[in-house]
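All chains, please: the whole structure from these sequences, using the hints.
Those protein sequences? They're chains R and C, same order as listed. Heads up, the first sequence is in this note's numbering, so the first residue is 70 and it goes up one at a time. Heads up, the second sequence is in this note's numbering, so the first residue is 70 and it goes up one at a time.
Treat the hints with care, as some may be off.
Treat identical chains as interchangeable: a pair holds within one or across any two.
[Unchecked claim] Below are the EDC-like pairs computed for lysine to aspartate or glutamate, each with C-alpha atoms no more than 20 Å apart in a straight line:
| hint | residue 1 | residue 2 |
| --- | --- | --- |
| 1 | Lys81 | Asp105 |
| 2 | Lys81 | Glu198 |
| 3 | Lys104 | Asp185 |
| 4 | Lys176 | Glu192 |
| 5 | Lys221 | Glu210 |
| 6 | Lys221 | Glu199 |
It should be emphasised that the hints constitute simulated quantities derived from the structure, not laboratory data.
2 protein chains.
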Amino acid sequence: MEKEDKKFFMAKAITLAKENVQSVHGGPFGAVVVKDGEIVGVGRNRVTVDNDPTAHAEIIAIRDAAQKLGTFDLSGCQIYSSCEPCPMCLGAIYWARFDKLYYAATKDDAAKADFDDSFIYKEFALPKEERSILSVQMMRESAVKVFDEWIKTENKIPY
Amino acid sequence: MEKEDKKFFMAKAITLAKENVQSVHGGPFGAVVVKDGEIVGVGRNRVTVDNDPTAHAEIIAIRDAAQKLGTFDLSGCQIYSSCEPCPMCLGAIYWARFDKLYYAATKDDAAKADFDDSFIYKEFALPKEERSILSVQMMRESAVKVFDEWIKTENKIPY
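So, in structure tokens, the structure goes:
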């Protein structure tokens, strides 16, 4: 039974991806968030239709679930994605504190369809100075002062 | 002159972070997006105030700039962040195709203020089976069919 549920949730994620291809509303990716056997968030890629480079299926499903559940902490939830998450979405999955990630196609399958996931994973593994987007550090001292202030703040909401 | 501009933009990102600590509206992080010497997007962390685990300063600044410029492609832009981006935000910076990233505090500074950036970077470097969030592959064949359909679609908007 549990195994059938997993197939149902993944089929839903894949259907969202498929609908996106048919409607030309963004890339071929879908995701659902599940808690206690119920779907609590859905997302399909909306990068091109919304002019939003962050609008991947997983990001949208996470935001949807967090709104519905009224919390930024999705512990106890699972995410089903039609494709192995890119680094942005994998990072989001950590911040959201999911219990488990299910995925269908791989990042190499995505690369074959001309999506950069594999390339970005490779960039992450390089030392900063060898990456294609140059990064420069500056004014560290001023920024660390803000962290010091945060550490001393008593009524903050940590996360 | 150019050097002064960079300091101005980073000071703005750090000010956004500082204001966030004072207003208790989210974590101590700010970011700005710059194009042709003008600020075209701003963001401050809103995770706790919006119940959105993806609402990091950089993500919000990217979405803001993309809306203002009417494109998902931020080539020709630079991003200034008060802190070294976490993996989610670094992924977003790649998808947005920034020319250059400027940052102030490091991920280890963030860790000292109890933010998980360093931990998540370490998880990325581990083989999947050793990561703290378990990932399981299933139904790859069905998902790859959607990619095949995407590849054949003629009126798609690639990105």
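Hint check results:
Only within a single protomer do Lys81 and Asp105 lie at most 20 Å apart by alpha-carbon distance; the minimum there is 16 Å, versus 43 Å between protomers. Taking the shortest alpha-carbon separations for Lys81 and Glu198, neither the intra-copy value of 41 Å nor the inter-copy value of 25 Å comes in at or below 20 Å. For a Cα distance limit of 20 Å, the shortest separation of Lys104 from Asp185 qualifies neither inside one copy, at 30 Å, nor across copies, at 24 Å. In the homo-oligomer, the alpha carbons of Lys176 and Glu192 lie at most 20 Å apart both inside one protomer (14 Å) and across protomers (17 Å), since each shortest distance falls under that limit.
Only within a single protomer do Lys221 and Glu210 lie at most 20 Å apart by alpha-carbon distance; the minimum there is 17 Å, versus 52 Å between protomers. With identical chains, the CA atoms of Lys221 and Glu199 are never at most 20 Å apart, being 37 Å at best within one copy and 35 Å at best between copies.
Taken one by one, the earlier hints fail for this structure at numbers 2, 3 and 6, listed in ascending order.
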